[in-house]
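J.: Here are the chains, one letter per residue:
Number of protein chains: 2
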Amino acid sequence: MQSNVSNGILNNWLELANIGAAINHRLEEALKEEPGLSLNEFYVLHFLSLNDEKKLRLQQLQERVGLSQSALSRLVVRMEAPRCGALRRNVCEDDRRGVYTEMTELGADKLERGRRIVEQVLEAAVRSGELPAELQSFMSRGAVGNAGSEGNAGNAE
Amino acid sequence: MQSNVSNGILNNWLELANIGAAINHRLEEALKEEPGLSLNEFYVLHFLSLNDEKKLRLQQLQERVGLSQSALSRLVVRMEAPRCGALRRNVCEDDRRGVYTEMTELGADKLERGRRIVEQVLEAAVRSGELPAELQSFMSRGAVGNAGSEGNAGNAE
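Protein chains in written order, with my numbering: chain A, 36 to 192; chain B, 36 to 192.
Only chain A is shown next, with the shape it has when bound in the complex (with noise of 0.2 angstroms):
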């Protein structure tokens, strides 16, 4: 039944697949250390950051960072909580929708001390030469605009 050479693309996609989970370990494992952030905690002070006032609702949050509604939630209860100290609750009484939820100095200073992190890491990933030369040569793009800032995180959930 099974053919390698129909399995091609499917070797491929798998590939890809192993890559990305092996350099999300890294990126986790390295957060934990410092500043204290799981990946998807540290997204979610990325994205607030791309915002201009630092601040968005948890739905618009849930689609950037590409986790379900429950999961967001608790990890923004867990971000406000005075043990992370992250992120600040902010009601708007005018706005039967707002809830948002917004960036604090500590937030702030944990998403610099995170984004260093994972650049290192990512930069050691490239240099490493453990990337098929496409990904290399994808990831090492310069910096001129911005393709996927805005987009998700890429959660399964």
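I should point out that these hints are in silico values taken from the structure, not numbers from a laboratory.
Remember, it's a predicted structure, so these values are computed and weren't measured experimentally.
Just to be clear, a hint being listed does not mean it is correct.
Heads up, the list lumps identical chains together, so a pair's fine if it works in one copy or across two of them.
Claimed, not checked - No more than 25 angstroms apart at the CA atoms, straight line, and that leaves these computed lysine to any residue pairs for SDA-like:
| id | residue 1 | residue 2 |
| --- | --- | --- |
| 1 | K90 | L45 |
| 2 | K67 | E98 |
| 3 | K89 | N46 |
| 4 | K90 | N53 |
| 5 | K90 | S172 |
| 6 | K89 | S163 |
| 7 | K67 | S172 |
| 8 | K67 | L45 |
| 9 | K67 | E128 |
| 10 | K67 | G55 |
| 11 | K67 | G133 |
| 12 | K67 | A159 |
| 13 | K67 | P167 |
| 14 | K67 | A143 |
| 15 | K90 | M174 |
| 16 | K89 | N53 |
| 17 | K67 | A106 |
| 18 | K67 | V126 |
| 19 | K89 | R124 |
| 20 | K90 | G43 |
| 21 | K67 | Q104 |
| 22 | K67 | R176 |
| 23 | K90 | I152 |
| 24 | K67 | S105 |
| 25 | K67 | N46 |
| 26 | K67 | G43 |
| 27 | K89 | G43 |
| 28 | K89 | E63 |
Given chain A's structure and the hints, the job is docking chain B onto it.
T.: Leaving out everything else, chain B in the frame of chain A:
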């Protein structure tokens, strides 16, 4: 704080994650319709088919599919239940670690139909021109070699 220059590699990574999530979503939807598998169920069958005896220990499957022990265990129980019937439990009496799951004929049939669907979705994504040139080139690689076919399927869990 936000620097678009230093965000270059992070944006590339987010773009990649975003494309991966969109294609994963299409694969999930297409497989659900026909042959009625989740993407992880498809991966379980695919990795089993790569084993000469078409059977693997749960631990081996777990590494390949990239799920946690509990998630993989739930998945396999569901696939062994009569309602799905794609897998069959196999307990080897003279090997204490010997709990395997193996593919049934129905499972092999579902896998074959699933492979056609997966290839169609992936080929359509490549042909659509929506992928960045580097990724299109990577995905279009010939079927020579089979890098990645032994790896895991890149689940976050």
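J.: Evaluate K89 and N46 at a C-alpha cut-off of 25 angstroms and name the case that applies: within, between, both or neither.
T.: So K89 and N46 pass the 25 angstroms test across copies only (18 angstroms; inside, 41 angstroms).
J.: Can you tell me if K67 and A143 fall within 25 angstroms by alpha carbon in one copy, between copies, both or neither?
T.: within (16 angstroms within a copy, 41 angstroms between copies)
J.: Can you tell me if K67 and E98 fall within 25 angstroms by alpha carbon in one copy, between copies, both or neither?
T.: both (24 angstroms within a copy, 22 angstroms between copies)
J.: At most 25 angstroms between C-alpha atoms: does K67 with S105 qualify within a copy, between copies, both, or neither?
T.: both (22 angstroms within a copy, 23 angstroms between copies)
J.: For the identical chains here, do K67 and N46 meet the 25 angstroms Cα criterion within one copy, between copies, both, or neither?
T.: For K67 and N46, the Cα distance is within 25 angstroms only across copies (21 angstroms; inside one copy 31 angstroms).
J.: Using 25 angstroms as the alpha carbon limit, work out where K67 and V126 are close: within a copy, between copies, both or neither.
T.: neither (30 angstroms within a copy, 40 angstroms between copies)
J.: At 25 angstroms max between alpha carbons, let me know whether K89 reaches R124 within a copy, between copies, both or neither.
T.: Answer is within: at 12 angstroms inside a copy they meet the 25 angstroms cutoff, but 52 angstroms across does not.
J.: Treating 25 angstroms as the Cα threshold, decide for K67 and E128: within, between, both or neither.
T.: neither (36 angstroms within a copy, 43 angstroms between copies)
J.: I want to check one pair: K90 and I152. Are their C-alpha atoms no more than 25 angstroms apart within a copy, between two copies, both, or neither?
T.: Result: close within a single copy only, 23 angstroms intra versus 41 angstroms inter.
J.: I want to check one pair: K67 and Q104. Are their C-alpha atoms no more than 25 angstroms apart within a copy, between two copies, both, or neither?
T.: This pair counts as both: shortest intra-copy Cα distance 23 angstroms, inter-copy 22 angstroms.
J.: Should K67 paired with L45 be assigned to within, between, both, or neither, using CA atoms and 25 angstroms as the limit?
T.: The answer is between: 18 angstroms across copies meets 25 angstroms, while 33 angstroms in one copy does not.
J.: When no copy is specified for K67 and G43, does a C-alpha distance of 25 angstroms or less occur within a copy, between copies, both, or neither?
T.: Answer is between; shortest inter-copy Cα gap is 22 angstroms, intra-copy 36 angstroms.
In this structure, the earlier hints numbered 5, 6, 7, 9, 11, 13, 15, 18, 22 are contradicted, and the remaining ones agree with it.
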